[in-house]
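Chemist: In case you want the letters, here they are:
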Amino acid sequence: MKTLVSLIGGIAAALVAASASAVITLGASVQLSGPLANTGRYYRDGYEMAIDTINKAGGVKVGGKSEQLELKILDNQSDNNLAVRQYVQLVTQDKISLLLGPFASDAVIATSSVAEKYQVPMVQGGGASDQIYSRGYKYIFGTLPAATKYFESTIEAMGKLNPAPKTVALLYADDAFDVSVAKGTRDLIKAAGLTTALDERYSTNASDFASLLARIKSANVDAVLVAGHETEILNFIRQAKSLSVSPKIYSFTVGVPSADFRKALGKDADFAFGMTSWLPTATLTDQWFGNAEKFEQAYKARFGYEPDYHAASAVADVEAYAKAIEAAGSTDPQKVRDAVAKLNFDSLYGPIKFDEKGQISLPQTVIQVQDGKVVPIYGGKGFIEKPRYPMPAWDKR
Amino acid sequence: MNRFGVVAIVVVVLALLATVPWIASPSIIQFGISTLLMAVLAQSWNIIGGYTGYASFGNSVFYGLGSYGVAIAMVQWNLPFGVGLAFGAVLALLFALLIGLPVLRLRGHYFAICTLALAEVMTAIVSNLEIAGRNTGLVLPLLRGDALFYELSLGLLALTTLTVAYIARSRFGFGLIAIRENEEAAAVMGVDTTRYKVAAFAISGFFTSLAGGIHAYWITFLDPVSAFDITLNVKMIIMAVFGGPGSIFGPVVGAFLLSAISEVLSTKISTLASLFFGFVIIVAVVFMPRGLADLGRRFRSVGWRYFAENVRRNRL
Amino acid sequence: MPAAPILDVRGLTKRFAGLTALSNVTFSLAPGEILGLIGPNGAGKTTLVSLVSGTLEATSGEIVFDNEILGDMPAFRRAQLGIGRTFQIMRPFPGLSVVDNVAVGALFGTGGGERELAKARERAMEKLEFVGLAHRAAQRAEALGGPDRKRLELAKALAMNPRVLLLDEVMAGLNNVEIEAVIAIVRKVRDQGMSILVIEHVMKAIRSLSDRLLVLHHGEKIADGAPDTVLNDPRVVEAYLGRRRA
Amino acid sequence: MDLLWQVLVNGVLLGGLYALMALGLALVWGVLNIVNIAHGAFIMLGAYVCYYLFAGLGLDPFAALPLAMLALFVFGYVVQRYLLNLVIRAPMFNTLLITFGIDVVLTLLAQLAFSADFRTINPTYAGSNFMLGSATVPFVRVIAFGIAVGLTLLLWLFLTRARLGRAIRATAQNLVAARLYGVEPRRVYALTFALGAALAGAAGSLYGVVSQVNPYIGGSLTAKSFAIAIIGGLDSPLGVIVGGLFLGIVESLTSLYIGPTYSDVASFGILVLVLIFRPSGLLGRTA
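Chains as they are written, first to last, in the working numbering: chain A, 26 to 422; chain B, 243 to 558; chain C, 358 to 603; chain D, 10 to 296.
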């Protein structure tokens, strides 16, 4: 009932909101319903939080005048075709010339061509696949580090574990992002001198991993690296438990940093490794929130769940626009685009500096779930906390 | 209304629609493109579903083949768009002939489910095909020319509708209708049911594939799930059924109306748009199962009782 | 030696999953002949019509039409050769108007029918007048009542201009006046040169209409000959009345 | 060899769950001639009922299962009695469309009510297992399998022995026949659909125990259920068990020998082939 009331309120607000003026509007189409809504919300909430915070701090200075930011967000229902149409509408009908992105690589691949077509910038924190940046587009910028390097720090850390894992199984979903991850990881495995025991692509949204797990078990693999989606990884871990499959280490591209994911698994989430481009530490500072720890608390207080790197990446996108608009002294899309390309500042999420293709580079910190909490294990400078390794058998926990 | 009057109105409406790219805003044009293509899909479905009575839930296969025809030709082989369209159409026709023959022997729900399964199979097969970019899909070159896409879509809709109008008045169309109304009776009266059904399936698939091809080049990105999208099947059927299956203009009107409503909703109330879409389906099926065309015909004489009568007629 | 039969059925047998519906039936139909087909319920009459028209496939036996063995020829091709039939359970095209129902027969039917819609409708109107249904031509077929549906069924078959007409109980459920009208129509059709196989339960009608009678019982032919002879055949009497006596 | 044995065991256990998922769909399709596209959404709702009983009230999931069935039974009864009964005689694709509409509405309402968070029904014993030869056999999957087979047998007994069950089967042949059993057809329809929904509720509860629950799991479950129901045939619940086991084993073997991305090609490809060559199912009588 409460949801319904707030929904009707939301509709009314949306209908009224369209009339305000003298503000800078950022536009986005995000997965607020449909299968990706679970992650899509990080982007909506991250964008909103950043915009509100920047506005409270006086907004964005354009040519000496302070202007407020505003967000126009549409729900693309996890449908990429609808997302494309909504972006065209944002650009042409709502006259919005600064775009924020949707979640997930394939959605970014599809929608970034709208930005390119109408020559307006899109700064997005939802897609990391190299397919996004290999088309020579000039208007797409991304704040997720390269998909090909997601497992770089993990494999580096694996070399320093005792006893170091020797055989690896690589499993990946067949979508744009995970295929990119697998491509990069294959090279990393080879460079580290590890043996690939299994290299298997599976269907996005697969729910049955029993056959794959049986093969992992029978090949007696030391390390299992999985690039996939949260639902798949949930199933993978649950089925690994029920089939008593416990490699020395397993690591996942997504899920581990997300509170919802850990809650769904409860104790079974323990020992799972993952990675994140962002951790809510006090040492990560920016101009608006102070530091990442404060941001985490404020975010949790407002939305009732913990932010992860998706949310922080979304915040960085908004901050990038604020910085770029001030540097350009204009909201002209061409000028803002050029300013974005030259950005170099410390965001809440980390240092933002785009390479010539439009992507930033950030190291991935290896993390592990220990007693239900995410613990940073390994960063650029070596081990941070002690990893729990090797993973104990399921019946010995 | 006489025949000349209808033709005159259609020509005027077409001429007006053709001027849209010169007078309307880009977002209207892009709404126009997606609506026109949707209308082509509904109208194509009308041939196999509305006239022949075979509720295909697999027309998205044709759409996907058309899309991939264009994408593979342009991305993998560097061929021009036109060649891609032709390639996609050939794929669709081949599919209709090869698969249509066994599948069109099934009736009712079995046919519907089989075609639905075909859409699933195609999604699964294409996501394993290297040349189609597997499940990550293909990115097509960018063309800044929405006016062109608009006129192409409009032309395709006109052509499809003209074909339907011709079919409705032809011996071929009478054969299809006879099959829809009673297939066994049609056969003993001399209708070559198999050939007619396959032909209807192929014509339906031909136009659907062209719509897919245009859409792929316009949207510049394509992956198996969006190319063979199963909800697309449902959408085209809803639009055709809402407008009036087995009529010449019903599906077009249905597509225009429902697209407009859902476009307005998805910008104004966003998340709730699909909820509304679900309710529209339910309400429409309960109160006007024969579509707008039937409503238009009978409402004048029956009045509001029309809706109650539909319920009375179809309930248990 | 009589004229070569237009339809020659030899040793026709049909089994449904173990049940024999028709067993080794042989008969022929001469040009311009009206052959009555009678038998108790379940004797296999409709099955026989379906086998000849091609909606069912025979288990064994041969059907020869105008010196051509039909074999596994599909129903539509048989219709194009000139075999027309009606259905006992009427099968109009409910959504089409009465005239268009008949026009389908004219558009397809023998020799592939008319090519043009206008001509087909013309022929359809003729047939409707012939069966006395012209006044309802514009109505939807589903609006027709029982007797009119029978007429429509007949008109549809006639519009095909068939050479052999298989009539499956076109008189059932009609009153005496209506039956007389149908008998007159069938006679007129024969006079135009058509050969007709009539299935009928109304004994008086079939007796006066048929040149010859064929009796089926439990899927087997038990009598074949002039109506009066056949109807007095003790086996036929027993087939019809046997149960009542027992 | 050990690997093959393990994969076969996995396939059989998966198949049992599959069969239960498809059972309600096949019943409703076979008897009422309604193809319920919202069946997967019903499974999803059943999973949520079980989840909230488990997470909220601390009920053991297997104790919550009958309650989930009851909840779905009531829900299904209402849907059929007051909505689907209104369109039962409309042209065939209308019932397909209306159940699609129901699917859309249920999915979206579920997201509003339960959020898009992932849930698992994860009792402490969820991961325990035992050995069968060289194969590891998950304990809950065996229970789930047992419940699936048990419910199937119960349904079969009900349909062949109980008076109401025979009325339901008679309805499948002929609407009027139900009256001979002294049951109003409208009620038979509603009860049959409710029974189908209750079975979906059971399937959902078990699915939540072995997998994960979110508002969007329905679509692929419906598609799978179609495949199983068709492959097994709509005649008898026992056929559905065979269809489920067959599909579970085929998918597991495909995944092992050809590759995990091909299991959908296999299952839906088989569905198409069965439809074309044996439309009454693998076990069904051929026409």
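Do not take every clue at face value.
Unchecked claim - One-sided excerpt, in silico: chain A residues whose CB lies under 10 Å from chain D:
1. L57
2. K208
3. G209
4. G218
5. A222
6. D233
7. F234
8. N260
9. K266
10. D285
11. A289
12. D420
13. K421
Stated by the list, open to error - The calculated label-pair distances, taken between Cβ atoms and stated as ranges, are:
14. D:W165 with C:N589: 36 to 42 Å
15. B:N244 with D:N42: 41 to 47 Å
16. B:L404 with D:R188: 22 to 28 Å
Stated by the list, open to error - Stretch by stretch, here's where chain A covers chain B in the computed footprint (C-beta under 8 Å, at least three residues):
17. 307-319
18. 452-464
19. 489-498
What the hints contain is simulated information worked out from the structure, not anything from laboratory work.
Just so you know, even glycine gets a beta-carbon here, dropped at the ideal spot from N, CA and C.
Chemist: Let me make sure I understand: some of the numbered hints might not hold for this structure. Which ones are they, in numerical order?
Modeler: As far as the earlier hints go, 2, 3, 4, 5, 13, 14, 16, 17 and 19 are violated by this structure, in ascending order.
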